[in-house]
Each structure stands twice: as structure tokens, then as C-alpha cells.
Amino acid sequence: MSTATTELGHDDHHHHAPSGIKRWLYTTNHKDIGTLYLWFAFIMFLIGGAMAMVIRAELFQPGLQIVDPNFFNQMTTVHGLIMVFGAVMPAFTGLANWLVPMMIGAPDMALPRMNNWSFWILPMAFSILLASLFMEGGGPAFGWTFYAPLSTTYSNDTTALFVFSVHIMGISSIMGAINVIVTIFNMRAPGMTWMKMPLFVWTWLITAFLLIAVMPVLAGAVTMVLTDKFFGTSFFSASGGGDPVMFQHIFWFFGHPEVYIMILPAFGIISAIIPTFSRKKLFGYASMVYATTSIALLSFIVWAHHMFTTGMPVGAELFFMFATMLISVPTGVKVFNWVATMWRGSLTFEVPMLFALAFIVLFTIGGLSGLMLAIVPVDFQYHDTYFVVAHFHYVLVTGAIFSIMAAVYYWLPKWTGKMFDITLAKWHFWCSLISVNVLFFPMHFVGLAGMPRRIPDYALQFADFNKWISLGGFAFGLSQLIFLALLIKACRKKGEPVSDQVWEGAEGLEWEIPSPAPYHTFETPPVIK
Amino acid sequence: MKKIWSSILVILTSLIAFAVSAETSSTADQYQLNLRKGVTEISGQVYDLHMLMFIICVVIAVLVFGAMFWSMFFHRKSRGAQPANFHESVKVEIAWTVVPFIILVVMAFPAAKTLIAMEDPENSEVTILVTGSQWKWHYKYMENDVEYYSVMATQQEQINNKFAKGENYLLEVDRPLVIPTGKKVRFLVTSDDVIHSWWVPDFAVKKDANPGFINEAWTNVNEPGIYRGQCAELCGKDHGFMPIVVIAKEPAEYQAWVNEQEDIQRKAKEEEQRLLAMNMTMEELMVTGEQVYLRACAACHQPNGQGLPGVFPALVGSDMVLNDMTAHLDVVINGKAGTAMQAFAKQLTMSELAAVITYERNAWGNDTGDMVQAKDINAVMTGQ
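Residue numbers (full-length UniProt numbering), protein chains in the order written: chain P, 1 to 529; chain D, 1 to 384.
Note that these hints are calculated values from the structure, not bench results. Even for Gly, the Cβ is constructed at its ideal location relative to N, Cα and C. Careful: at least some of the hints might be erroneous.
What the hints assert, rightly or not - Derived coverage of chain P by chain D (criterion: at least 3 residues anywhere in the stretch with Cβ under 8 Å from a Cβ of chain D; other residues may be distant):
id, region
1, 61-67
2, 140-150
3, 202-215
4, 242-252
5, 321-330
6, 402-415
Claimed, not checked - So these bits of chain P aren't anywhere near chain D, every CB distance computed over 10 Å:
id, residue
7, F42
8, R56
9, L161
10, F349
11, L357
12, I455
13, L484
14, S499
15, I513
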């Protein structure tokens, strides 16, 4: 891939954007909107993280010390909602905004005004959700999975605000997904054929289709919760002919593809970073595309593995067990491909590579515990214990979030034109790596020993590990302040200027434009050979 | 940089040393790392499956991470490694698709076999109806006239760190479930309000209690003993305080226990009828009422009667409590549909109901002076 970039760099006459707050409020520029998404996600990550600190402080020792159980449940619920819908998903959308046009040689996203709208409704959604915490009765306290009838008959009236805010988040996600799909279908530069697209673009394209398929299902679920609670319907109440387990089927039909929405773009990021710092082409590009597609398709037929204890017929249990086990095949292919890319490469260990390597190891640990969870008879023991909490934090924190951090370190110099503070970045990496394992690894042990999740107090035999988990949690939380300091420094354009290519082994369109990336890029499409 | 490395190393070694010393100084139970083997044939099979899966996963991890760390060490640029050119190989890619698939098939067989056995509750000898409600369990022996509620026995003062915590902190109940050893015991699991999950790790039994539906599970315990578990599905505020205790007794002992319980429960019913004719004094009502209130009502309405604003209504100064006796009796006896307020008619005796309603109408400054007697409760319940 190589392009003519001569037209770039003299596009200053296009700068007629307003300044100050209006620049950000009215912007339709994909780079500005990407930046907004990323900062929003990071702020949500800190708020959701602060809630995790409350949870870990309460669980530091047995007994109730800091919060009452009702508030504890609000913390676990809102922590989950914020991290899923406020941190991980907007961060990936932010990366897509910045990178997809630059990677496919497009001047901007296809629908720039909708892009602005899909971002700016997000702060509204989360203001509503967070405000409910301060109202009478408090915020949602039924877990981020809001199982009926706990979220209907037995919830308080702020449930209406929860429903409204989830609706807005869903609309935002759908608009973002439509934009990604339209951009990729219509705005690829001449010669950018499907099988030449970078994997980040591929994985995001598939993610966008998943989003469009399942976000309306989530909207349906919250609407049914709303009408069951306030308008006398009985979707989830047996006394009116409904079924509470049907809620779980609907929720997880959204929820399981949602899990892959939060990890497929991560696969794309890792597939960009590993080849760069191995100085070797990605192994098995085509099989990566096929594996991503099969994971996406399989994600629609495994939802009930979250519900093995609900009393499904044994035939259904067997089906969902086998289908779930099958997902490990394409996921394995990806991990093998990354390792084969590194094999006989020429490796260096810059910060993005460190995060990518940590991702491969720790995500694989999360994947393997996922395989164990697929085995129904053993899942009866693991289900709703800290073993599950350990599993999904390995795939979401050391998986999705580590990949986002890897991506930020990888592309940040391209965005700002300056190298970030490498010493701070290494401190951030090592502190995060050690603390995240002190935080989540012992959760496997307490889970196997029998500690249920979502409890504010626990029996004495779990006390010692919980102390370690909490200490790891505080350390991981503090480590992210290093990241905050680094990002503030980077945004003030401190640091050494970087070349256009930034990293020695980097390949792709985004590395052929100047650093920092000009406000408008590829107004004349590049030609890809 | 070197300084940083050495300090990190010092921290790490001291952490490990601390962990090891803690391991040796405390009991093995406190640092239990693995799943329990349990006390039934099924729980043993589940444990074996868990270990099989675990070992397969560890082997895969060692192979994959081994290859990765090999490249990280030997194929690094600082050692002068030159990148190779290969970037695909149909043979290798087919191999690492097919081999994992075969491993999965090998895993699937024993898993399916155990699962089918676990889901076959037929030919059971004892059937117990397990009903979850916020936040207690109710057990009903289907073949005998025995039924009762089982509530956590840990004192609030232990939870609030005022008293020292006991050995079975949060895992103790007032009335454990009793089952016979060596017999297939079937559990019918359901719920009166939200979804709960009945879990005893030593039996490898975890089954959701869904309101309006009945799930089946079973166990066959080999050894007599006391086995403890907890509710495993988020069920509201006191989800963490809903333990399960099961005592497995030899069949003869179990039979004696059942006979004794039938006798006690029959006498209690007779006693309740006898009390209908008697009036309690205000003092008696208030003393009993406070005990009942703390046991059955305080979890939601709080020990001081203030409730939780927006979640559970306050009883202090409540219009219904102060002025509307009929509504008050109705809501306590029959519950309130569409809310968390349960029907206490089946949980408390008539004299307990009378006492607790009297208590609510006269405690915390609700000085109505009203007295409710067991016969008033009986009148409401029988529709007089």
C-alpha cells in the first residue's frame, strides 16, 4: 500500500470552524468527534472506576463498614452500565472515528452531522443515569443485567430514568454503527478492496452489524421493563401469563453479541500493533477475517450459556454448551495467528507492543476460563460466583481496555504529532499490569471456594483473598491517574516531534499522512496499488 | 531505569514472601484455591470435569505462551533477529483449526454424560419444595406435614462490627434443612417474589428459583454432616444475607426428626387455636411484637421504622398505621400485590401477627394506643 500524499498539508483554507466550546459542540469533523468520544470514555472510565473503588473498599474486610447493601447494589449496577456503555463502547467508537476514514483513505465519516448527534446525546444519557443516584430511592440497584422481576415489580421509580438513558445509549450506538457501515461501504479510496482493508476496519465493520442487530433487542427489553413496571403489562410476570426467564432470553440475545461488540475491535487493534513491532506481515490475514465473521455469527446462538441454572431442558443445555465450545475454535485461530506473526519476526517492545503482549496473554487466560464456564455441569458450580467476575474482567479489562490503551499509545503520536512521555507510559503499563493481576487473579480462587458475586459482605474464609483483591484494585485505580497525567501532557502537545511513520515497522495509509494528522485528510482520494 | 527495576523486584519478592507466610500461618480453609469435591457422586464427577478442563487449559496456555515468550526472547531486534517473510500456511492453519476441534469433542463427551445424569430427578424417595422469598428460604416436605422458614441467624451486631464475628458468620440459619443420607432427594425450587438461586456447593446443586415456575434438582448425599451454601442470584438488598444450611442425617435419625417435627407443628397449630380465645396485655404484645418486627420486618422497614426513602415506606407517622386499622391488617396479612410487601399470613402465627401490628401502631412515637388480638387476625383471615 502506498499513496500520493502530495495534496496534503495545504488545506488550511478549509479552517473556518468556530473556536472555543462551539468548535466542539458543532463539530462534524471525524477527528474532533473521535477526540470527544475518547475523552468522554476516559472520564466515564474514571467515574465507573471510582464506583469500583467503593465496592472494593466495602469488600476490603468482612462486615458492613462504608455503605449499606442497597447503595452497594447501586454501585455494582451503575459500575457495570458505565463501564460497558460509557467507557468501552464509546472508546471503540472514538477510535473508529479517528481511524476508519484515515485507514481507508476517506475525507471524513459518511454522515458527519449524525456523527455529531450520536456523540452529543451520550453525555445526556449518562447525566440522567448518574443523576438518578442522587434521587429519592437511589439509582438502579438490580445489576447491569436488570433481571425481571427485580427490575420491574421490586424496583423503585427511578427505573424510568434508567430505561430512558439506556434508550439514548442504544440510539447513539446504532447511529454510530450506521455511520461506520456507510463509510466503509461507500468511501473506500480507489483500489482499497475488501481484502486490502486493515483488520481494524474489518472488525469494526462486523461489530457495526452486530450493533444494528442487537441494540434494538436491548431497546425492546428495557421497554418491556418500563411497561411491566408502570403500565400494567405482564411480559415478565407469571401471574399475568408472562415469564421472568423470557426476560433473560431477550436480554442475553442482546447481551452475548454485546460481549463480542466489546472485543472484536480489540482484535483489530492487536492485529495492527503486533505486525508493526514484529516487523513482519500479519500471519493469516484472510483467516483473521473469516474467524471474526464466524465469531460474530456464532455469537447469535450461544446466548443461553448465561442461563444454565434457570432450569432449561437438558437438550437446550447441550446445544448451548456445544455451540459455546465451538466459539473457542475461531478465537484460538486469532491467538495462534498473532503468535505466528511474532514467530521469527524482529521484535521490539515499545509501549503499544507491551500492552498488546499483555493483551494476548491475559485475554487468553480469560478465554480459557470462558471455555471452562461453557461446560454446563461445572458451570453450575461457577455460575454467579467470583470465578465469573474474574473471567469477564480478564476479557474486558485486560482484554478490551488494555487493547484501547494499546491503541491510544500506538496512534497518539499520529494524532498530536509528538511522542508521549515514554517514562510515564512505562510506569503506567507496569503498575497496571501488576495491580490488575493482584486485583483479578485471586477472584478465581474465591469464586471456586464458593463466594457468590454481587454481595456486600462475605463469610470469613474469603477474607484474606478479598483484602488482596481490594489492594490490587486501589493500585490499579491509582495507576490510571498516571495515564491521565500522560494524556493531559500529550494533549498540550508536549514532547519530541515524530516522523510521519512514527513507528519503524508501521504500515498503512494513516502512517503516510503528516504527523500530526491535518484537520482534513484525503480530500483527494489516494490511489492504492 | 536500573533503580526502578531493582525496587520493583524488591516489592515483588516481599509480596510473594508475605503471601507464602500467610499461607502457612493460617488454616488451609482460609486460602482455599480450588473447587470443592463435595459429598455426592455427582459433585465428585463435577470436580473431575473441572480438573480435566483446568489441565487442558493449562497445557494449551503453556504451549501458546511458550511459543510467544520464545519469540519475545530469541526473535528480538536487539539480538539482531531479521524478520522472516512468511505470512500464511494453509497446512498450519488447517491444523490449528482441526486439532482444537478434536480436543473440544473429547471434552464434550464426559460433560454431556454428567449433565444428563444431573438433570434426571426420577425415582427420588424424598421430595422437598424449596421456596425463596426476600430474604429467606421456605422448606416444605411433600410427603410429611412439615414446613418452615429458614432465616439467617447471624446477629446484626456482628455484621455492623459491634460483636466479634462467629465461625460461621453469614452462613448460619435458625432452622436448617434436614435430609436423609443415601437416598435420592428431589428439590422443587420456586420463588414467591424475585428470582433467587438455591446453591449448595458440596452437592453441586444450583438451581434458580423463578416466581411462578417450578424447577427440579436432586442430590444423594453420602456422608452425614452440615453443608452450607448461599443464594446465588441477585435478589435485592439482602441478597448477601440469605444462607442455606443443610444437615444430612442417617435415614433412621432423619425419620425420627421428621416424626418429631410433625408432632411439634401439630401441637403449634392446636396452641394457635387455643390462643384465639385469649387476650394478651399491651406489654406482652409489645414485647413479642418487637421480636417479630426485628425478625420479619426490619430488613425493609428498618429497626427504627423509618424505611428507606423511595424504596421501602416508613411506618413512623404513616397515615395507614396511625389511622386505618383495616388497611394495616390487610397489608400485613395479605401483602400488597406489585410491591415487595409479602403476605405474612403464612409466615407468622396469628398471635405473632397481632403482636407485630400492635407494635407498629405503638412504637417509635406512633402512640395510637390500639391493641390487636389474635382473634382480630382470625376474623380478617376467615373473612368475618
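Against the structure, the hints:
1. 61-67: holds (count 4)
2. 140-150: holds (count 6)
3. 202-215: Three-residue rule not met by the region 202-215 of chain P, so violated; n is 0.
4. 242-252: With 3 residues in contact (Cβ-Cβ under 8 Å with chain D), the coverage given for the region 242-252 of chain P holds.
5. 321-330: holds (count 6)
6. 402-415: violated (count 0)
7. F42: At about 26 Å from chain D, P/F42 clears the 10 Å cut-off, so the statement holds.
8. R56: Holds, since 15 Å exceeds 10 Å.
9. L161: Given that every Cβ of chain D is farther than 10 Å from that of P/L161, nearest at about 12 Å, it holds.
10. F349: violated (8 Å)
11. L357: violated (7 Å)
12. I455: violated (3 Å)
13. L484: Since the minimum Cβ distance to chain D is about 21 Å, P/L484 lies beyond 10 Å and the statement holds.
14. S499: holds (18 Å)
15. I513: Nearest chain D Cβ is 25 Å from P/I513, so the label holds.
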